[in-house]
Amino acid sequence: MLGKLGDMTAPLLSLEHLLFRWPGQDRPCLDIPQFRVAADEQVFIHGESGSGKSTLLNLIAGVLLPQRGRIEALGQELSGLSAAARDRFRVDHIGLIFQQFNLIPYLSVLDNVLLPCRFSKRRLARAGEGRQAAATLLTHLDLAEDLWRRPATQLSVGQQQRVAAARALIGRPEIVIADEPTSALDAARQTAFLELLRRECAAAHAALLFVSHDQRLAAGFQRQVHLDGINRARQAAT
Amino acid sequence: MTHLLPLALKSAWNRRHTLALTAVAIALSVTLLLGIERLRQDARDSFAQAVSGTDLIVGARTSPIQLLLYAVFRIGEATNNLGWDSAQALAAHPAVAWTIPISLGDSHHDFPVLGTTGAYFEHFRYGDKQPLALAQGKPFIGLFDAVLGAEVARRLGYRLGDRITLAHGMEGNGLAEHGDKPFTVVGILAPTGTPVDRTVHISLEALEAIHLDWQGGAPMPGLAIPPELVKKFDLTPKAVTAVLVGLKTRAGVFAMQRWVANYRDEALMGVLPGVALAQLWDMMAVAEQALLAVSALVVAVSFAGLVAVVLAGLGERRRELAILRSVGARPRDLFALLALEGAAVTLAGAVAGVVLLAILSMVAGPWAQSHYGLTLSLALPGAGEMKLLGGVVLVGTLASLLPGWRAYRLSLADGLTPRV
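Chains as they are written, first to last, in our numbering: chain A, 11 to 248; chain B, 441 to 860.
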């Protein structure tokens, strides 16, 4: 695995001939001949709602398995793993940020950030001193120390999204997937959040998959992909 | 599992009010269930304690249970009497070691009055073959002497030397009093935890004496025999309610029972106390089962409540489940999280139920003792109760698998993006 990672030609994430159809539907939801992401790459994936974004995220995160094709992350073919192994793989290597309601209401900010370390020995080991790492991330993401012990629900939406980013980044996973993380923020905060996220992903050497319907956010991404452009299922539909 | 426990605790704490209410419902149902079981056990123990060492209770033919209830527990209707001749014949039988004739019917402030002989204090046994002991005074010697059970003396505040009058009949106010012939308290028995504590003991002769000038349950008009004169009459009783019989060897009990049944001069019946008690429990079994079934139903209802509460909470927790999935929780972790919560609430409810029962027994114990002569035990749950308790926790845990299973299904269906 290390050898493959060192090999510049091997992508961090690779989807080949991927076909996914929801049970009970005649037409596939996703039909992606090829999609690759290199290590450290920051990709903006543009997709309307209903374009299969969430399905794609669930596939990459190993929650769903395609009917056909391969999803390879860090040289690991996900279909070859058991469900439990995929769950472990996800927490070991992938940080996730959702649109909203990212935080567990009954945990403090700090405990929310430390959640992946609770489930992953690898993330815990890579974080070093867990609390120290969380503190550093929270500080970088501009969250004042007096918020850390508060229940997550007492924070503003913008603050909550930054906590979610800290959680996605703790223990330096190789991939960070953000699903419309800014849609609940106003325009000014969107930009600020995006900048922070991109900066921290770069600092952590994590590839960033940023999924959004909002084309305006694409500026600044080195690579922009239109989901319908790589998804043949949608091309056939339209 | 260990990484889930703190999460489960914090999550439960977050919903502590609903869960606490659910636990209270479970605690109450557990108290009811165990309380009924314990009451049943204690009632049986109390009854079994009441008579010991008596091989046969002999009385006029009636139902064995009725004879036992009346003669030993002073419960129920007066049975027919048996003639004094029969009692004498019984006492003279070669297999018989001792007899205690007893006569019931009068009362003192709702406590039954028992006419008997000195043999009562010598031969009567209760509990584990314990003899009666006098806390104060001595057995009755004089005609109008009375020996009180511990409870009678305590409740009515009697001391040695106090004068008491007896009432004709058993219950209620407005009973005709034997006011002309007062008794003197000469002895007070030590507590036994049996109906003896609630009994006023006098001699058979005294019982005869106070009824000399009575007929058909009322004083004979125009006839009043003052206490000084009663000794001039023959005070040998004409009949008694029952005779408690002790045999020389227990092995002869069935032969003796046959002898009693075949007794020619009178229709008699001999009852083995243990057998009659067993019959009584058989009779009560249906009622006991019904009570137990009702309380089991209450437990079931409280578990339905638990499942409903946890399931209802699950709808709001779908986001939470998705987040946990995103940070590596397996569906079976989420199953465990929910099942663990239900099991913990059940366990907390069960423990609280046991504590509540202990408090209740402590508070209600003296009352049950004085009103029903029922000793409520304040013991750790016995084997039977532990079985019930184990059953409750098991059923609660099984019931909690349902929300666990639902969480499992939801987390598989939702993945990282709950459809709420």
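There may be inaccurate statements among the hints.
Covered, in the sense of this in silico footprint (three residues per stretch, anywhere, with C-beta under 8 angstroms from a C-beta of chain B), are these stretches of chain A [to be verified]:
| id | region |
| --- | --- |
| 1 | 67 to 75 |
| 2 | 93 to 102 |
| 3 | 106 to 112 |
| 4 | 127 to 134 |
So, partial list: chain B residues that the calculated Cβ filter (under 7 angstroms) puts toward chain A [as the list claims (entries may be wrong)]:
| id | residue |
| --- | --- |
| 5 | L445 |
| 6 | S451 |
| 7 | N454 |
| 8 | R456 |
| 9 | T458 |
| 10 | E760 |
| 11 | S766 |
| 12 | G768 |
| 13 | R770 |
| 14 | L856 |
| 15 | T857 |
Derived from the structure by calculation, the hints contain no laboratory data.
Model, not experiment: these values are computed from the prediction.
Backbone N, C-alpha and C fix where the C-beta goes; we use that ideal spot for every residue, glycine too.
We went through each hint and held it up to the structure:
1. Figure legend: the region 67 to 75 of chain A, annotated as covered by chain B; annotation consistent (5 residues with Cβ-Cβ distances under 8 angstroms, at least 3 required).
2. Check result for the region 93 to 102 of chain A against chain B: holds, 7 residues qualifying (beta carbon to beta carbon below 8 angstroms, three or more required).
3. Evaluation of the coverage hint for the region 106 to 112 of chain A: fulfilled, as 4 residues show C-beta separations to chain B shorter than 8 angstroms, against a requirement of three.
4. With a threshold of 8 angstroms between beta carbons, the proposed coverage of the region 127 to 134 of chain A by chain B holds, since 3 of its residues qualify and at least three are required.
5. For B:L445, the suggested interface contact is broken, since its CB lies about 11 angstroms from the closest CB of chain A, more than 7 angstroms.
6. With its C-beta approaching chain A no nearer than about 6 angstroms, B:S451 sits inside the 7 angstroms limit, and its interface hint holds.
7. Against a cut-off of 7 angstroms between C-beta atoms, the interface hint on B:N454 holds, since the closest Cβ of chain A lies about 3 angstroms away.
8. Of the supplied interface hints, the one on B:R456 is violated, with its beta-carbon coming no nearer than about 10 angstroms to a beta-carbon of chain A, more than 7 angstroms.
9. The interface hint given for B:T458 is broken, as the beta carbon of that residue sits about 13 angstroms from the closest beta carbon of chain A, more than 7 angstroms.
10. The interface hint given for B:E760 is met, as the beta carbon of that residue sits about 6 angstroms from the closest beta carbon of chain A, less than 7 angstroms.
11. This hint holds: B:S766 has a C-beta 4 angstroms from the nearest C-beta of chain A, less than the 7 angstroms allowed.
12. For B:G768, the interface hint holds, since its Cβ comes within 7 angstroms of a Cβ in chain A; the closest pair sits about 3 angstroms apart.
13. A least Cβ separation of about 5 angstroms between B:R770 and chain A falls short of the 7 angstroms threshold, and the interface hint therefore holds.
14. The restraint placing B:L856 at the interface with chain A holds, with a minimum CB-CB distance near 6 angstroms, inside the 7 angstroms limit.
15. Here the hint on B:T857 is kept, as its CB sits about 4 angstroms from the closest CB of chain A, short of 7 angstroms.
Of the numbered hints given earlier, the model fails hints 5, 8 and 9; all others are met.
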